[in-house]
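Each chain, letter by letter, is given below.
Protein chains: 2
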Amino acid sequence: MKHRYLENLPLPQAKDRFFGRLRDVGFEARTEAVDTVQACGRITAKAVYAAICAPHYNASAMDGVAVNAAVTFGASEKTPLTLTPADYIVVDTGDPLPDGTDAVIMVEDLIDAPDGCYTILAAVRPWQNVRQVGEDICMGDMIAPCGTVLTPALCGALLAGGVTTVDVLKKPVVGIIPTGDEIVAPTATPAKGDIIEFNSTVFRGMLEGWDADVRVFPITKDDKALLRAVLEEALSRCDMVLVSAGSSAGRDDYTSEIIASLGTVLVHGIAIKPGKPAVLGEARQKPVIGLPGYPVSAIVVMEEIVRETVDLYYARTPKAPQIVEGVLAKQIVSSLKYTEYVRVSLGKIGDTLSVSPLPRGAGVISSFTKADGMLVIDQNCEGLLAGERVQVRLLCDPAAIEQTLIVTGSHDPLIDEVRDLLKKSGAAFRVNSTHVGSMGAIYAVKGGLAHLGGIHLLDTETGVYNKSYVKKYFPDGGAALVKGVGRVQGLMVKKGNPCGIRSFADVARVRYVNRQRGAGTRILCDYLLQKNGIAPQDVDGYDNEEFTHTGVAALIAAGNADTGLGILSAAKIYDLDFIPICTEVYEFLVDEQYLDDPMVQAFFAVLRSEECRSRLEAMGGYLLEEEATC
Amino acid sequence: MKHRYLENLPLPQAKDRFFGRLRDVGFEARTEAVDTVQACGRITAKAVYAAICAPHYNASAMDGVAVNAAVTFGASEKTPLTLTPADYIVVDTGDPLPDGTDAVIMVEDLIDAPDGCYTILAAVRPWQNVRQVGEDICMGDMIAPCGTVLTPALCGALLAGGVTTVDVLKKPVVGIIPTGDEIVAPTATPAKGDIIEFNSTVFRGMLEGWDADVRVFPITKDDKALLRAVLEEALSRCDMVLVSAGSSAGRDDYTSEIIASLGTVLVHGIAIKPGKPAVLGEARQKPVIGLPGYPVSAIVVMEEIVRETVDLYYARTPKAPQIVEGVLAKQIVSSLKYTEYVRVSLGKIGDTLSVSPLPRGAGVISSFTKADGMLVIDQNCEGLLAGERVQVRLLCDPAAIEQTLIVTGSHDPLIDEVRDLLKKSGAAFRVNSTHVGSMGAIYAVKGGLAHLGGIHLLDTETGVYNKSYVKKYFPDGGAALVKGVGRVQGLMVKKGNPCGIRSFADVARVRYVNRQRGAGTRILCDYLLQKNGIAPQDVDGYDNEEFTHTGVAALIAAGNADTGLGILSAAKIYDLDFIPICTEVYEFLVDEQYLDDPMVQAFFAVLRSEECRSRLEAMGGYLLEEEATC
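So the sequence lines, in the order shown, correspond to chains Y and U.
Numbering-wise (the working numbering), the first sequence opens with residue 1 and increments by one.
Numbering-wise (the working numbering), the second sequence opens with residue 1 and increments by one.
Isolated chain Y, as found in the complex (with noise of 0.2 Å):
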């Protein structure tokens, strides 16, 4: 087994020698002359100029009747003057002006008197309530230089002007081609180490967001000559072609040998991460870029080279991120090998932006999902501390994180459902929730990170929840425990129980899988194995940490271990059997000043709501009005 290793070139380099021979061979954009009423999004290929004027004649602007403007000076309410049928002729708004008027009195303005005439009681001047020939726009005006991108408006005007169909720059059309044996088309029902194909689905919705044409190949084998046949098809095709995994140097990792058989790898491998894997090069002059196979990796490619390359097509300025300040809601440790991207969620509280770190792994698609933001870290910084000021680019509306409850702590699919609710309700603001374990609320709302976060945190000696450690961190007050649910922990196992786990004593002798540190259950599993006589040490499994307990759920259902501490509703997803041991008080801790907000406040009117306590009990092992009993 060989391993290569790839280049480590930085971003900016990288771009330069991938962009700087695109510019060589002459990549950019070609016209094509669409019809002006089907054009709107597009950008002009040059400038456009008006066809003819708008308005193309004279026209009434109002309705009433044309006449000679010279009849009626002399008009006025002290000397009223009377209008003959031949002195006018009606006329409705738009309608051209007759021979030989040259202004509209309007209809407001006429007095009947007998014999079809009218009596006036003002004089009108030379082109009143008429537009004039041109008053719009006038033939030969420039209406969009060059490289505008046609706004409806644009588009009316462009028609209004006489101009019914306009050149334009043909959208570049990309092909995707996804690669790997392993690699299957999207499916509820894969077959283990089947892996859905779903990359091409991100990439196709960022590149139309970019304005490309998107054309997404079939799913190619690991296999040299086909590689090459469907990516010669492709450069016949398209405009530049995207390689989806395969990047990297791995036995099956073929991308870059193809390009360079076909044409020229200028990059493998940018000091970037995620995202280091890439292969960026060029055929038949036009972009041909392999993507690393892991989403997260991909999408900074994609947002860092590709995007730009179809900026460089249509010769467009890339547009410039918005940046935001905010403070750093967790420590972050970076690499100097690389320029590293963190997603993160972002939410103001009180004057505050705060900005939370959203899990770093490469394949979590998750955590794009839940990004505001990305927090570049330079590649000489080796990290950044909670609470330091930080630029982050903003991924969302802006106005949006104006408007966020930010819910943290301890994990229970409760929130989302709370959050689905408040959706459905009509709620102005959205819910941004993490799962930082009881421990993790408690820090995040005394640092003013949060404004609730969920805890169950038992007091060893007294039994009692939660009440003494709101005591111990807020001595001096400032945050409030809301009443929340009562809820079963016990041990999840295989249908059927197959280790016979009678107790929490049994964990001693099976693999357990744990939550992680600062998670209530955690410290409900240290109290129980310390109680049962239990050294950590001799459970094996106690270091294999999960952050939710459908996490844990999962584990024990693929039978990576055999039992944890979870709740009833995620033993149920995964049809599991589950062993009660305990309830206990699952609560929210808010910070005071915030218990009047609006956004709190709603939260918990849902949470009470007939309709959540509803899903509650079908999700089971919630007790609404319960005790603990641990």
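By construction, these hints were calculated from the structure, which means they are not laboratory data.
Treat each hint with caution, since some may be false.
Since the list gives no way to pick out one identical chain from another, each pair is judged satisfied if it fits inside one copy or across any two copies.
[What the hints assert, rightly or not] Calculated cross-link-like contacts (lysine-lysine; reagent style DSS-like; alpha-carbon spacing at most 25 Å):
hint, residue 1, residue 2
1, 424, 170
2, 424, 46
3, 370, 319
4, 78, 531
For chain Y, the structure is supplied; the task is to place chain U on it using the hints.
Only chain U this time, still in chain Y's reference frame:
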């Protein structure tokens, strides 16, 4: 002829009445299932939960060998350990972990040994380099609540979670019925009296931006029975219907009557300007909106009413407009009868956001093409003063405002050409140009409202252009004159010069069209009148004012006037004859502090480029080295 009066209902009441009824009749989105790969941009109809875990099996996170971690325990640099082929199985990234293994050793950490063995210098922990089941997404986890716009990443997460179809809100189908006897489909050669139908293109573009599907019905004549039939057809096929034009109370305005015959007219006439003659109705439990025929009026009603109707359909919170504060460049008088909507262009001059009102006519679609923002003037406000701080609703990218070169002053098509050439050269900034005349340029530069302005101001005492004006208005310096062009001014007349005009003195005996006060060409006209001993009041049409050279040319071509002063290029566009009068010096007044501004420098670099020179030569009448001869 009868005149009916409309209501003048304040906008909030109009909305309450209209949206209240729509809520009462249950106007809301239906649900449809779509393939997740096609769902990008759609809105979830209900919460979506993961159907499977991602990964759905324990997968190798690296290229390397899978092992049972226990066999590696004890390996270190001091105590290397050798794995026999029985101890490992080769895996690539993404491969399922073989039975009996629970960790992966990276290829980089394997040292080749004889007989297919590998030596390792470190142990691996159980589950090290393994993506355990559910690492990214756990089955049963809520991936998105209802009402979520599906981003590319969310679509990826849904597919990863085994969700191959997703319930989304059906897009509303909005029918547009263009009406009017005088309306014709877009054409480059409309007959006199024909009005080009471009409003539906504008509406379609706006609606598609609000996530609606659009169906444009054929242009329908002002015939009650016909209109009623088309509206019935539209109601049967669409979720809401817009009737374009005929919404007022004139002879052929049937919209209100026809809506009433099929349902209920809730509002007819809103206290907004432009946009007053709108009809808001309901028929067959669907909204029917009569839009004014004037495009600007219609766009305001689209923004204020139709957009929110679509939001109501989707049950989404209307997007709050982004508000910026700036300084008003010009006084605005407003009526107490209406809330007024004034389009403005925006640009940053130093630290000041300059807000320039655009032409306010309801028929002036071109004003919307230049609009960066909308100034909403309260009904109770009689006007706003120049220099007043105002709040503006943003209609453009806020970043664009920071990168705007503001050019104002005398109208000359060369500014548009420079603007186009700058775009073509890939300039990262935009040019906002307005025509306020040469004197307007002086006031704007002096007031810090423009970077530079084109002027051609004749000192009638010395015959020298521009210099004395700069001296007078900038007695303490602060503004520089930068060389522009010489250009020939002359009298434009119809082909063949039917009125036999020979010199400027002839304007006294024909119909003249003038330029607006403050225009350099107006000052030239006044100078020439004085020189020829002609009193302004003796010039027929002296008060008929246009803002541009092409505007003057258009009126001469249309026969509204016999002659007017202007430049050769305008005469050529309209195929007019041109009687040269003098050559003048068109220069640029620049606020000295911006002389080194890269945008200003780029502007002049392009102005002096070969390409610009050849364009000016093609246009005719420009003298690139000449001095004035007046």
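Evaluation of the provided hints:
1. 424 with 170: Between copies, since 16 Å is at most 25 Å while 41 Å is not.
2. 424 with 46: For residue 424 and residue 46, the Cα distance is within 25 Å only across copies (8 Å; inside one copy 47 Å).
3. 370 with 319: both (22 Å within a copy, 20 Å between copies)
4. 78 with 531: neither (106 Å within a copy, 40 Å between copies)
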